[in-house]
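From first to last, the protein sequence lines are chains W and S.
To convert, note that position 61 of the first sequence is 61 in the numbering used here; the numbers rise steadily by one, no gaps.
To convert, note that position 134 of the second sequence is 134 in the numbering used here; the numbers rise steadily by one, no gaps.
Some hints here could point you the wrong way.
As the list claims (entries may be wrong) - Straight-line Cα separation of at most 25 Å, SDA-like style, residue types lysine to any residue; simulated pairs:
#1 Lys122/W / Arg154/W
#2 Lys266/S / Ser74/W
#3 Lys259/W / Met51/W
#4 Lys122/W / Ile5/S
#5 Lys175/W / Gln205/W
#6 Lys175/W / Asp180/S
#7 Lys93/W / Ser157/W
#8 Lys101/S / His240/W
#9 Lys246/W / Arg225/W
#10 Lys17/W / Val263/S
#11 Lys101/S / Leu96/W
#12 Lys191/W / Pro174/W
#13 Lys266/S / Arg30/W
#14 Lys133/W / Asp116/W
#15 Lys14/W / Asp180/S
#16 Lys7/W / Tyr4/S
#17 Lys122/W / Ser157/W
#18 Lys175/W / Leu127/W
#19 Lys93/W / Leu267/S
#20 Lys134/W / Arg199/W
#21 Lys36/W / Val268/S
#22 Lys175/W / Arg104/S
#23 Lys175/W / Gln200/W
#24 Lys191/W / Met138/W
#25 Lys6/S / His109/S
#26 Lys122/W / Asp92/S
#27 Lys191/W / His214/W
#28 Lys6/S / Gln135/W
#29 Lys17/W / Ile5/S
#30 Lys122/W / Phe148/W
#31 Lys101/S / Leu158/W
#32 Lys259/W / Tyr236/W
#33 Lys101/S / Ala152/W
#34 Lys93/W / Cys106/S
Hints are computed from structural coordinates only; laboratory data are not their basis.
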Amino acid sequence: MSQIELKNVCKDYKIRKRDESRSRFSEFFRPRYEAKRAVDDISFTIEPGEMVGYIGSNGAGKSTTIKMLTGILSPTTGIVRVFDRDPCKNRTKNALDMGVVFGQRTQLLWDLPVRDTFELFKTMYRLSDRDFKKQRDMLVETLEMESFLSQAVRQLSLGQRMRANLALCFLHQPKVVYLDEPTIGLDVLVKDRIRAFLRQINREQGTTVLLTTHDTGDIEEIAERLILIDSGKLLYDGDHTGFLSKYRDAGDTLEDILKRVYAE
Amino acid sequence: MKHYIKLYAVLIAKDFRRFATYRTNIFAGITSALFMLAARYALWVTLFATGNAGDVTLAETMTFFVVGDVVMILTGGAGFTGTSLSEVIGADNMSGDIALKLSRPCSYHFQLVAGKHAGAIIQTLSHSLPIFIVAVIFIGILPPSGAEAFVWFVVAAILGGVILTLIDLILAYSVFWLTDFWYIAWYKRALFMLFGGTFLPLWFYPDSLRAAADVLPFRFAMFVPMEVYLGRLYGREIFVALGSAIFWIVVLFAVERLIWRRVQFKLVVQGG
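Chain W extracted, bound-state conformation (with noise of 0.2 Å):
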């Protein structure tokens, strides 16, 4: 069984058609709809403790195939299993065995200082004292977070914010992270010190990670597999070297390759 399975999976969002022929009034009073495909017969499966690169161009469906593997989303046809589970029937249940980032977003307590929201989540995630100081230790010391653990979120520079969003990510010990554009806006120093930090904690920990990214230096340093999508379409899935005899042609940098892949 795998952790993570996907099976010819098609999400059409509803959106709204405006038609410049058309008066505001009519447009107002019966709006007409379109389905728009965010994600195409997407299929694949992801083993334990895999460290997986999702890359695409911005729209091309990666976030979605992330809200549908969070079950917050649900595939209008195919299957999505997490855990062999479906996970939007068992959206709290897996919660408790997977983190996600939303690298735009936050989990933090604005108005409080980082330590508080670390409290809160040992509650909310059900951890023994034990587990929590250890894991608790382990992240703060990795991700260099000692020096602002006492201040106020709304203080932190976008950098601690984001080590800090990371930590909470991964401090109920979860068997598999989503993380969305975890390194969006951060200086090559931050960016670093992530890297490192999910290199080592998937070794230590067996933690399966997918990532969205596109910076191809996470590409590179992290992401053992690629899984390319278009348009919703899938267009490689398989190993870094694999991808680069693809697609590579003499003298290419990984950018040069995407460059032309989503200009495609």
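Given the structure of chain W, go ahead and fit chain S onto it with the hints provided.
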């Protein structure tokens, strides 16, 4: 179960600490509440001086508002900044943070209820309790009309709180269709002012408006408990009122569940 009680307590404690970081808010809340009390008292002294109050006394009317405020805030708080769930749910929906709250190992409604009760405690301390103390000292507030009346008053207030919360939730769910949400709280307040007697006690209403208020559920939040408190409802009348409160709870709960299912469909299936 034990886990959820602990989590509930921690969520409330954290909200309380968040609120406590804004000391000026507390000061502003208390002073503005006292100004409101003074304005209200001046208004009713003037109105009673005209001699058109029927069988109601000034003391009864002031007790109605002061104790009624305590009831409404204890049962109707929504978060530490507001008194409507539409503000909480609306902000979650607009910012997209609802996705984070849905990915936690406890339900969204559990988080809403904990936040609501934290708000109730915070606003009681920063708003209705100071008013109550000042009013008892300087204006004079009537005690409950009897020990038995007080017990039924508590029961009526709890049932009224459930009705208030269900109406609040039902109205709040419209944020998922409307996106903009600030006016929903105003809308709710207006409904309770007009049909619930929270602004003008229903005993001053003309017959036609009173008849409309009597067939709607809004009066259970404040007016009915206060009538029990003041002894204006007694004996069999109390049981009729509590019976219809229970009837409304059943109806509103069914409506709330139905709409929540639509909301979940919209959120989970359409990704709205």
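Going down the list of hints, with the structure as the test:
no. : hint                : in the structure
1   : Lys122/W / Arg154/W : holds, 21 Å
2   : Lys266/S / Ser74/W  : holds, 10 Å
3   : Lys259/W / Met51/W  : holds, 23 Å
4   : Lys122/W / Ile5/S   : holds, 14 Å
5   : Lys175/W / Gln205/W : holds, 8 Å
6   : Lys175/W / Asp180/S : violated, 38 Å
7   : Lys93/W / Ser157/W  : violated, 33 Å
8   : Lys101/S / His240/W : violated, 34 Å
9   : Lys246/W / Arg225/W : holds, 14 Å
10  : Lys17/W / Val263/S  : holds, 22 Å
11  : Lys101/S / Leu96/W  : holds, 13 Å
12  : Lys191/W / Pro174/W : holds, 22 Å
13  : Lys266/S / Arg30/W  : holds, 19 Å
14  : Lys133/W / Asp116/W : holds, 14 Å
15  : Lys14/W / Asp180/S  : holds, 19 Å
16  : Lys7/W / Tyr4/S     : violated, 35 Å
17  : Lys122/W / Ser157/W : holds, 24 Å
18  : Lys175/W / Leu127/W : holds, 15 Å
19  : Lys93/W / Leu267/S  : holds, 19 Å
20  : Lys134/W / Arg199/W : holds, 19 Å
21  : Lys36/W / Val268/S  : holds, 16 Å
22  : Lys175/W / Arg104/S : holds, 15 Å
23  : Lys175/W / Gln200/W : holds, 15 Å
24  : Lys191/W / Met138/W : holds, 19 Å
25  : Lys6/S / His109/S   : holds, 16 Å
26  : Lys122/W / Asp92/S  : holds, 23 Å
27  : Lys191/W / His214/W : holds, 13 Å
28  : Lys6/S / Gln135/W   : holds, 21 Å
29  : Lys17/W / Ile5/S    : violated, 47 Å
30  : Lys122/W / Phe148/W : holds, 19 Å
31  : Lys101/S / Leu158/W : holds, 21 Å
32  : Lys259/W / Tyr236/W : holds, 15 Å
33  : Lys101/S / Ala152/W : holds, 21 Å
34  : Lys93/W / Cys106/S  : holds, 8 Å
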